[in-house]
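J.: So you can see what is in the structure, the chains are spelled out below.
Protein chains: 2
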Amino acid sequence: MSPDLKVIERLAEEISQARPSRLVLIHGGGSFGHPLAKRYSIKEGYKNNASQVLGFSETHQAMLALNKFVVDALIHCNIPAVAVSPSSSVVTKSDRIRTMMMEPIIKLLQIGFVPVLYGDAVLDFDRGFTILSGDQLTAYLATRLHANRIIIGFDEDGLHTKDPKEDSSSPLIKHITVEELKKMTKRIEKPKATDVTGGMLGKIIELIPAIENGIPALIVNATKPKRVYQALRGDSVIGTVIERG
Amino acid sequence: MSPDLKVIERLAEEISQARPSRLVLIHGGGSFGHPLAKRYSIKEGYKNNASQVLGFSETHQAMLALNKFVVDALIHCNIPAVAVSPSSSVVTKSDRIRTMMMEPIIKLLQIGFVPVLYGDAVLDFDRGFTILSGDQLTAYLATRLHANRIIIGFDEDGLHTKDPKEDSSSPLIKHITVEELKKMTKRIEKPKATDVTGGMLGKIIELIPAIENGIPALIVNATKPKRVYQALRGDSVIGTVIERG
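Going line by line, the protein sequences match chains A and B. Just so you know, we're using my numbering here: the first sequence kicks off at 1 and counts up by one. Just so you know, we're using my numbering here: the second sequence kicks off at 246 and counts up by one.
Because the hints were derived from the structure by calculation, they are not lab data. Idealized CB from N, CA, C, for every residue including glycine. Hints are not guaranteed to be accurate.
Label pairs and their in silico Cβ distance ranges [what the hints assert, rightly or not]:
hint, chain 1, residue 1, chain 2, residue 2, range
1, B, LYS419, A, GLU44, 48 to 54 angstroms
2, A, LYS93, B, VAL252, 52 to 58 angstroms
3, A, LEU145, B, VAL252, 40 to 46 angstroms
4, A, SER170, B, SER247, 40 to 46 angstroms
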């Protein structure tokens, strides 16, 4: 578990420079959450196993540790970021968000805070507990908060027709509708072939409900300087826009 | 901000040895939360002031930092502790808890986790934000969760007729009813005189609603080894019991 502090600090700086008026930040688990969640099979639900229960505790602590780096970097850039803990405010049912306490987030946004959430180990009505992905949380919050748009920071320039890591000449898709995207995903049959979009597909499938609610999603390369800044400003930026169509 | 790790670790060990079946832990702000909350006047509510807003962010981050020491120490003793963030799950109205997301805590207890909460900077429907004390949270949760009892760890043996720091011969009150306590507090007129009970009075006044709901409170000296252990076990222990009467 070692955070890429340079990237976190640069992104905090870009967010501070862009100063979007009403922003919710959501980050994933990275090297903090994923290995523990996997080791203790948290996503498979509670199996009446003491070591797994302790593993749930450890997974949430790891996510809090990563979240602390993110929020501290934002505060350092004078962004009034406030950590909002999904495991304290969400309960899922069979892995899907069933209930979420929205009042703190709504009040935070009213005052001008930037709520910062994350993929987390959460309680589940059917399965005891599970993993809630940052992607599911993003689509849920975008819809409930009537967001103008979703910006996804990724480690590729956007959506490609083929995995750019395997075929560097694969063209970037600059604009795609959900309809076109669904057709594209149907063509992908073999499980391993989900990698053709550079691992983006799983993320995007989670976002579809929000996009279908009329909230466009923009995928940009967060590892390249200024892309997130340009996206937040609404400037022209290299990336993929996904719209309802 | 420096935690007394020795005390935290000893208490985690005592909790682990006592193994109470259904435990919620709540800690205060100590040297982490209080100085920041005071510096930024968080308890006075939101005053449309950017530095105060950043101060709210910092206060919550400081509480998360202290909470991390507590939860990590518990996990180290094989207690499946899970941090529950009050600012993510509570909104107050004029400083009193108005709404709280109970489902995660109820689910955590069902599985056998130990939820760990704390005094926190929280959102407030009327005042923008405020400070929620661990004491108010304790009384609220004890009532909503139908707790058997409340155990308060303090730095004195219990409630004294006079401040034991000023008069070491002041006898310990072993048992007191809410009625007797109210009479006693009425005798205390001068503001400074609230110190006669060794600073306990403010804490106890917050607990009265829970005690009146039939949940006895036991005050023990957490700085002395084994007192918290004995209290959790239900053994005879030096301290003060407050009951409805």
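J.: Each hint needs a verdict: does it hold in this structure or not?
T.: Results of checking the hints against the structure:
1. B:LYS419 / A:GLU44: 48 to 54 angstroms: For A:GLU44 against B:LYS419, whose Cβ atoms are near 51 angstroms apart, the range 48 to 54 angstroms holds.
2. A:LYS93 / B:VAL252: 52 to 58 angstroms: Violated: the Cβ-Cβ distance is about 40 angstroms, outside 52 to 58 angstroms.
3. A:LEU145 / B:VAL252: 40 to 46 angstroms: Given range 40 to 46 angstroms: holds, Cβ gap about 42 angstroms.
4. A:SER170 / B:SER247: 40 to 46 angstroms: violated (54 angstroms)
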